[in-house]
Amino acid sequence: MNRSKWRSVAGELRSSAFGIAGIIILVLFTIAAALAFLSPHDPNALNALERLKPPNADHWFGTDDYGRDYFTRALYGGRVSLTVGFASMILATGIGVIVGVVSGYFGGWIDNLLMRLVEVIMSIPSFLILLLLSVFLKPSVGNIIIIISLLMWMNIARIVRAETMSLKEREYVLYARASGQGAFGIIRRHILANLMPVVIVGATNNIASAIMMESSLSFLGFGVQAPNATWGSMLNNAQGLIAQAPYLAVFPGLFILLTVLSFNVLGDILRVGFEPKLVRR
Amino acid sequence: MTERLLEMEDLRVSFYSRDGENQAVRGVSLHVDAGETVGIVGESGSGKSVTAKAALGLIGPPGKVIGGDIRYRGESLLGWSDGRWRKLRGNRIAMVFQDPMTALNPVKKIGAQMTEVIRRHRGLGKAEARREAADKLREVGISEPERRLDQYPHEFSGGMRQRVMIAMALSCEPELLLADEPTTALDVTIQAQILDLLKDIKARSNMGIVLITHDLGVVAQVCTRVVVMYGGMVMEEGAVEDIFYRAGHPYTQGLLKSVPKRGGGLRERLVPIEGTPPDLLDPPPGCPFIERCPHAFGKCVERPPLFELGDGHRALCWLHDAEHSAAKVPGAAAGGTDAETVGERGASDE
Numbered sequence: 166m167n168r169s170k171w172r173s174v175a176g177e178l179r180s181s182a183f184g185i186a187g188i189i190i191l192v193l194f195t196i197a198a199a200l201a202f203l204s205p206h207d208p209n210a211l212n213a214l215e216r217l218k219p220p221n222a223d224h225w226f227g228t229d230d231y232g233r234d235y236f237t238r239a240l241y242g243g244r245v246s247l248t249v250g251f252a253s254m255i256l257a258t259g260i261g262v263i264v265g266v267v268s269g270y271f272g273g274w275i276d277n278l279l280m281r282l283v284e285v286i287m288s289i290p291s292f293l294i295l296l297l298l299s300v301f302l303k304p305s306v307g308n309i310i311i312i313i314s315l316l317m318w319m320n321i322a323r324i325v326r327a328e329t330m331s332l333k334e335r336e337y338v339l340y341a342r343a344s345g346q347g348a349f350g351i352i353r354r355h356i357l358a359n360l361m362p363v364v365i366v367g368a369t370n371n372i373a374s375a376i377m378m379e380s381s382l383s384f385l386g387f388g389v390q391a392p393n394a395t396w397g398s399m400l401n402n403a404q405g406l407i408a409q410a411p412y413l414a415v416f417p418g419l420f421i422l423l424t425v426l427s428f429n430v431l432g433d434i435l436r437v438g439f440e441p442k443l444v445r446r
Numbered sequence: 297m298t299e300r301l302l303e304m305e306d307l308r309v310s311f312y313s314r315d316g317e318n319q320a321v322r323g324v325s326l327h328v329d330a331g332e333t334v335g336i337v338g339e340s341g342s343g344k345s346v347t348a349k350a351a352l353g354l355i356g357p358p359g360k361v362i363g364g365d366i367r368y369r370g371e372s373l374l375g376w377s378d379g380r381w382r383k384l385r386g387n388r389i390a391m392v393f394q395d396p397m398t399a400l401n402p403v404k405k406i407g408a409q410m411t412e413v414i415r416r417h418r419g420l421g422k423a424e425a426r427r428e429a430a431d432k433l434r435e436v437g438i439s440e441p442e443r444r445l446d447q448y449p450h451e452f453s454g455g456m457r458q459r460v461m462i463a464m465a466l467s468c469e470p471e472l473l474l475a476d477e478p479t480t481a482l483d484v485t486i487q488a489q490i491l492d493l494l495k496d497i498k499a500r501s502n503m504g505i506v507l508i509t510h511d512l513g514v515v516a517q518v519c520t521r522v523v524v525m526y527g528g529m530v531m532e533e534g535a536v537e538d539i540f541y542r543a544g545h546p547y548t549q550g551l552l553k554s555v556p557k558r559g560g561g562l563r564e565r566l567v568p569i570e571g572t573p574p575d576l577l578d579p580p581p582g583c584p585f586i587e588r589c590p591h592a593f594g595k596c597v598e599r600p601p602l603f604e605l606g607d608g609h610r611a612l613c614w615l616h617d618a619e620h621s622a623a624k625v626p627g628a629a630a631g632g633t634d635a636e637t638v639g640e641r642g643a644s645d646e
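Chains as they are written, first to last, in the numbering used here: chain C, 166 to 446; chain D, 297 to 646.
For lysine-lysine, the following PhoX-like pairs were computed, each having C-alpha atoms within a straight-line distance of at most 25 Å: (1) Lys-404(D) <-> Lys-170(C); (2) Lys-422(D) <-> Lys-405(D); (3) Lys-333(C) <-> Lys-405(D); (4) Lys-360(D) <-> Lys-333(C); (5) Lys-422(D) <-> Lys-383(D); (6) Lys-495(D) <-> Lys-557(D); (7) Lys-404(D) <-> Lys-333(C); (8) Lys-333(C) <-> Lys-170(C); (9) Lys-404(D) <-> Lys-383(D); (10) Lys-383(D) <-> Lys-333(C); (11) Lys-405(D) <-> Lys-170(C); (12) Lys-498(D) <-> Lys-383(D); (13) Lys-404(D) <-> Lys-422(D).
Sample of chain C residues facing chain D (criterion: CB under 10 Å; computed from the structure): (14) Lys-170; (15) Gly-272; (16) Gly-273; (17) Arg-342; (18) Ala-343; (19) Ser-344; (20) Gly-345; (21) Gln-346; (22) Gly-350; (23) Ala-358; (24) Asn-359; (25) Met-361.
In short, the hints are calculated from the structure, not lab data. By construction, the Cβ of each residue, glycine as well, lies at the ideal position given by its N, Cα and C atoms.
Work out the full structure, taking the sequences as your base and the hints as a guide.
Here it is, written out as C-alpha cells:
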C-alpha cells in the first residue's frame with residue numbers, strides 16, 4: 166500500500182468532524198468493551214431489590230427488570246457486538262477476496278460458476294437464511310459469526326472480481342508474465358497489494374452490517390442466548406417496558422446506532438481518501 | 297557461423313471476437329541471430345507486437361496461435377506447458393514494454409520488483425539478489441542504486457523507469473531481448489539516451505535484440521537488419537542498407553517518403569501513403585497493400601511469395617516476379633536519392 170494513499174486518507178479524516186467523532190466513539194467503545202470486567206457489578210447477577218432503577222450514581226444506566234446493572238450489561242453486550250462485527254468481517258472478507266480474485270483472474274468457467282453461486286445466494290433474502298440457519302445451529306457466538314460471514318462475502322467477492330479483472334490487464338501484470346511469474350505469484354505480488362483500497366473500504370462497511378445483523382438476530386431472540394447480554398437482546402427486553410423505563414431501550418439503541426454510523430462514516434472517508442484526486446484539499 | 301536464436305515460420309495468430317476472426321498475424325517468417333539487432337517496423341495494427349508476444353507464449357484468449365512454428369535454438373516452443381514457458385521467459389528471453397509508466401507496479405518498491413525476477417531465475421538469496429539488482433541499475437546509468445532500490449516507481453521519471461525496465465530485463469542475462477517500442481512513450485532527448493543505452497548493451501554482449509518500432513529513425517540508428525510488417529505480413533526484410541537505400545517494396549518506399557529527411561530543407565514535401573490499412577477481419581487474399589499501392593497490377597490479387605532481391609534481402613511483391621520484368625521495377629526511392637519521384641508526387645498534390 167502506498168504511503169501517499171494513507172496520507173490522503175489521514176487528510177480526509179482530519180477535515181471531517183464526523184470522521185474524528187466516529188473514530189473516538191469506536192475507540193472508546195472498544196476499550197470499554199475490552200475492560201468490561203473492571204465493572205464492580207456482575208452483568209448477570211439478579212437483584213430483586215434494585216429492579217428498574219433509573220440511572221443513578223451507582224448504576225450509571227440504571228437497572229433492568231431483573232435488577233441487573235444496565236451499564237455493565239451494555240459493556241458486555243458491546244463486547245459481543247464488536248467481536249461478531251470484526252470476526253465476521255475478517256471471515257467474510259477472506260472468503261470474498263479469495264472467490265473474487267480467483268473468479269476475476271482466471272475467468273472462464275470458474276468465473277461463471279462462482280459468480281452464478283454469488284447470484285443465487287444473493288437472490289435469497291438474507292434474513293430468511295439467517296433465521297433458518299440459526300434455528301438449526303446452536304446459537305453460540307461462533308456460529309453467529311459463521312452464519313453472518315456466509316451471508317456477507319458476496320459483495321466483497323463482486324467488488325474484488327471487478328477490480329481484479331481491471332488489474333490483470335495492467336502492463337505490469339503482462340510484464341510479470343513476460344518475466345516468467347506464475348499465476349499465483351502474480352496474484353500474491355501484484356494483484357492483492359493493489360486490491361487493498363477496495364477491500365479495506367468494503368470490509369469497513371461490512372463490520373457495520375455484521376453488527377446490524379447480529380443485533381437484529383438477537384432482537385428476534387435467535388442470537389446469543391440469555392442471560393448473556395447483547396445490544397440486540399437488550400433492545401428486545403426493553404420492548405415491554407418502554408413506557409415505564411424508556412432508558413432501557415435508549416441505551417442499547419443508541420450504542421447500535423453510534424457504532425454502525427461510525428463504521429459507515431469511516432468507510433466513506435476511506436473510500437474518498439483512496440480515490441485518486443486531481444486536487445488535494 | 298552465427299547462432300540462430302529465434303526463428304518463426306509461417307506464424308499465424310488470430311483473435312476471436314464477436315465480429316469474427318481478426319487475423320492479426322498472417323504467416324510471418326523471421327529469424328534473429330545472436331549478436332544482431334533486428335528492427336520490426338510497421339504501423340499500428342500491423343501485427344508487430346503480437347509477433348513479439350507470441351515468441352514469449354503470451355498470446356492468451358481471445359487470441360490463439362493457429363498455425364506455423366516458433367523455434368528457439370532449434371526447438372519448437374508451441375505446445376509447451378506453462379511451466380516450461382516460465383523458465384524461458386525473463387530468463388533466456390526478456391521483454392521491455394512500450395510504456396514504462398504502467399509497466400511497473402505502483403505499490404511495490406523497485407528493489408522488490410527487480411529482485412523478484414533475479415531470485416526466481418537465478419536462485420540467489422535476498423542479499424545477493426539485491427546486490428545484483430544494484431549492479432544492473434548502475435549498468436543502465438542510474439546513480440545511487442542502493443537508495444533507488446527502496447523507492448517506488450512514482451519517484452522515478454519516465455526515462456529512469458525505462459532504464460529500470462531495461463535493467464530488469466537484463467538482470468538474468470537473457471540471450472534475446474524483445475523491446476516493444478521502448479522509446480515511443482519518451483520524449484526525444486530521453487529517447488536518444490535509451491537508444492544509446494541499447495547500443496551500448498549490444499556492444500558489450502552477444503545478445504540478440506528485437507526492436508519493435510514504428511520509427512524508422514530509431515531503426516536506422518540501432519538495427520543491423522530490418523523486417524517491415526504490414527497487415528500482419530512481412531512485406532520486406534533485409535539489412536538496414538538494403539531497406540533504406542534499395543527498398544524493394546512499394547510499402548517500404550512509401551514509408552521512407554513519409555519521413556522527413558535531414559537536409560530535406562523547407563521545400564521538402566512529405567508524401568503520405570494514401571488510404572488506410574486493410575481490415576484484418578476480412579483481409580484481401582492477395583497483397584495486403586494492394587489498395588494503397590501506386591504500382592498495383594492484375595497479379596496483386598494473388599498472394600505474392602517473398603522474392604529474393606539479394607543476400608538476405610527479400611520483398612513480398614509481384615513487381616519482382618520474372619514475368620513482370622517487362623514492366624519497370626520502381627527504383628529505390630529512399631534516402632532522398634530519388635528526388636524526382638518525390639517532386640512529381642508533391643506537384644500533383646497541389
